[in-house]
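Whole structure, please, built from the sequences with the hints as guidance.
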Amino acid sequence: MDEHVHWKGYLAVINKDGLYIQSSYVHGDQIVYGPDSDSTTMGIAAIQLMLNKGHLIESMHLPDSVDARIVYLATGVDSMTHNSELEFENILWDLLGGDEATLVITKSNSESYDFEEPQDVEIIDTDFHNDMAEAWRLEQETHHVSQGAYVSKSQYLEGAPARLSLRSQKVGDRMIWPPRQLDENGSRFSKDSHQLVAEAHVESWTKLSAAGAPSEFSLRAPILGGIQTLLVRFEQGPRGVFLVTDDLDYSPEIGDTVHFAVRRIYAQEGMMRYGLKAFPKR
Amino acid sequence: MNFADRLNQMLVLLGYVMVDVAVIGAGQTKFGNHKLGLKGMWAEAAENAYSSVDLDFEPRQIDEAFIGSVAFGGSQLGNTAALLTEHSGLDGIPVRRVENACASSGFALRDAWMAIKSGQADIVVAGGIEKMNDLSAERKRFWLGVSGDTEWERLAGLTFPGTYALMARRHFHEHDSSHDDLVHISVKNHMHGFENEHAHIRKQVSFEKAESGFMVADPLTLYDCCPTSDGASCVILAADHVARQFTEDPVWIRSSGAASDRLALHDRPSVTQLLATQKAAKAAYSAAGLTANDIDLAEVHDCFTIAELMATEDLGFTDHGQGGVFAREGRGVRNEGAVCINPSGGLKSKGHPLGATGTGQAVEVFKQLRGTVEDSRQVRDAETGLTHNVGGSGATCAVHIFGRERNG
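One line per chain: the protein sequences are L and A, in this order.
Throughout the first sequence, residue numbering follows this note's numbering, covering 33 to 314 in sequence.
Throughout the second sequence, residue numbering follows this note's numbering, covering 98 to 505 in sequence.
Don't read these hints as lab results, they were simulated from the structure.
Among these hints, one or two may not hold up.
[What the hints assert, rightly or not] Calculated pairs, DMTMM-like style, for lysine to aspartate or glutamate (alpha carbon to alpha carbon, straight line, at most 20 Å): (1) K376(A) - E216(L); (2) K132(A) - E294(A); (3) K202(L) - E294(A).
Spelled out as structure tokens, the structure:
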């Protein structure tokens with residue numbers, strides 16, 4: 033019996049063979065990614081669902097289209113692409129990419145798998161789909177770089193564990209996120225790993241007009257009709273600011289509960305920057 | 098310098114006497130779209146400051162200079178101050194650029210004040226400059242918001258309109274305030290700036306027009322946001338033992354307070370109060386022996402109308418949460434309320450050339466306290482004035498209190 037799940041904006045099917053996941057969107061007769069998704073973001077969602085279902089997954093074979101470093105930072109699941117010391121035969125799971133916006137997670141020793149077809153796909157507007165695809169293509173060109181508010185690759189990667197998996201610090205009962213360096217006594221905060229629960233409440237929100245959006249978003253903001261940002265407070269105390277996932281028509285209200293999914297934020301110098309974006313709890 | 102002055106100077110250096118600091122001259126360019134570049138704008142502001150000194154004065158008498166600038170657009174990002182002083186008759190003296198975002202020249206003023214208070218200098222220039230409108234639209238977008246939290250806020254799609262919009266919506270939620278109150282602030286500041294010859298936008302706006310402006314960052318409209326301006330400003334400070342050589346009518350800096358806060362809004366304990374403002378104001382009031390009730394006029398940092406609303410609370414002109422009522426009742430209108438808020442028009446109308454804003458506020462207070470602004474703009478019976486200069490969305494703040502009288 034297959035279990036059908038709406039999960040972080042994707043359509044998933046789980047059975048004894050593993051997990052099948054696909055984008056919610058079709059364009060013509062093709063399954064295509066939504067405006068801020070790709071195989072990395074959907075692969076992370078797939079792994080998180082498997083972990084959520086109680087599977088113990090330490091490592092996985094990943095297709096080339098998936099950014100192994102981001103997968104590791106977001107889920108803790110390692111791969112040979114990220115860690116060359118892993119041995120092929122010790123990796124028990126495969127993440128397999130399809131021709132379209134589909135992925136499968138299955139045991140490495142499986143000879144075949146079979147899943148029911150997900151329901152509830154949406155037809156994506158052709159102009160919107162094409163415009164966003166072109167904007168991302170331009171943004172990923174190596175010469176595309178912000179000259180003012182510059183976040184270098186190393187700076188992005190330094191904050192990536194907090195950005196992708198809500199890695200935080202704990203002092204007594206108090207959780208601190210994003211992580212900090214020295215405390216009032218001049219001592220380092222503990223590097224013990226803690227994680228915020230990925231559920232938060234909206235304290236405020238805004239929608240920037242396309243003209244007012246930061247330059248990092250200047251190619252996509254006009255297509256999206258602006259940039260929507262939430263100020264949220266996590267159950268455990270810390271606040272944060274997050275973009276709303278691009279494919280949602282969401283009118284936030286103060287007090288709403290939101291969850292998070294890894295999505296594409298922006299690209300610079302040929303490197304995609306991923307991070308958590310918010311979506312309302314259904 | 099006579100014998101008494103020399104003796105006093107020695108006592109200051111030895112720590113036996115606390116020196117008072119006077120403003121003896123102040124000048125600025127018009128804020129707005131300038132054809133002049135950095136050198137030309139700075140020369141004009143310095144020239145206006147030099148010529149505002151009542152008695153004989155030459156720039157060669159200046160000991161040191163502090164010049165605030167964000168260096169927007171990257172133009173002469175390094176050694177800005179050396180270039181500018183070279184073009185204003187200040188060759189050879191110690192100079193430096195001070196950068197604290199939009200509070201750059203507020204802190205340049207504080208540094209200059211401290212240089213005199215310490216006894217290391219007698220006459221010091223504090224100034225600021227910014228050239229913002231010579232960039233292409235695309236390049237300007239790169240630079241706007243560079244003083245915010247780049248790593249977290251920027252990557253969440255926020256520039257300053259967005260950050261202040263988050264504060265505004267939360268304030269509306271927690272307190273008796275609404276967007277209408279922000280419209281009142283916008284209308285007032287445009288009214289104040291209308292007759293200011295130095296103002297960027299000399300245009301009055303009606304409530305209806307300001308209410309229906311183009312949405313920039315919901316709930317903030319175009320009429321809630323200050324313009325991006327070019328401009329320079331310059332004030333000349335002097336120790337009390339030399340000030341009377343230059344004027345019989347000095348304005349005294351009665352105190353300087355400054356503080357900082359977390360860079361990112363989400364890291365602060367409150368998003369509807371600027372703790373840096375509260376701390377800086379508390380320090381300034383305490384050092385001057387004054388309270389908010391003693392202030393006749395205040396140039397506050399209204400980069401967005403919600404920033405003025407919050408500043409009236411954080412500076413103590415009204416209780417926390419009552420900023421909306423304060424604006425609604427017109428309590429900051431010139432010669433109508435107990436305190437005039439932004440007689441120059443504020444950043445909203447006078448303009449906001451980032452690095453020049455803080456000392457630009459000091460120029461306005463200097464002129465108001467000496468009664469030398471246009472008659473129609475004069476705050477009646479102005480004895481004590483305050484400047485409030487904020488960096489970023491509240492990460493840094495400098496507050497100065499000026500008076501016709503020295504501290505008692």
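Quick rundown of the hints versus the structure:
{"no.": "1", "hint": "K376(A) - E216(L)", "in the structure": "18 Å, holds"}
{"no.": "2", "hint": "K132(A) - E294(A)", "in the structure": "17 Å, holds"}
{"no.": "3", "hint": "K202(L) - E294(A)", "in the structure": "55 Å, violated"}
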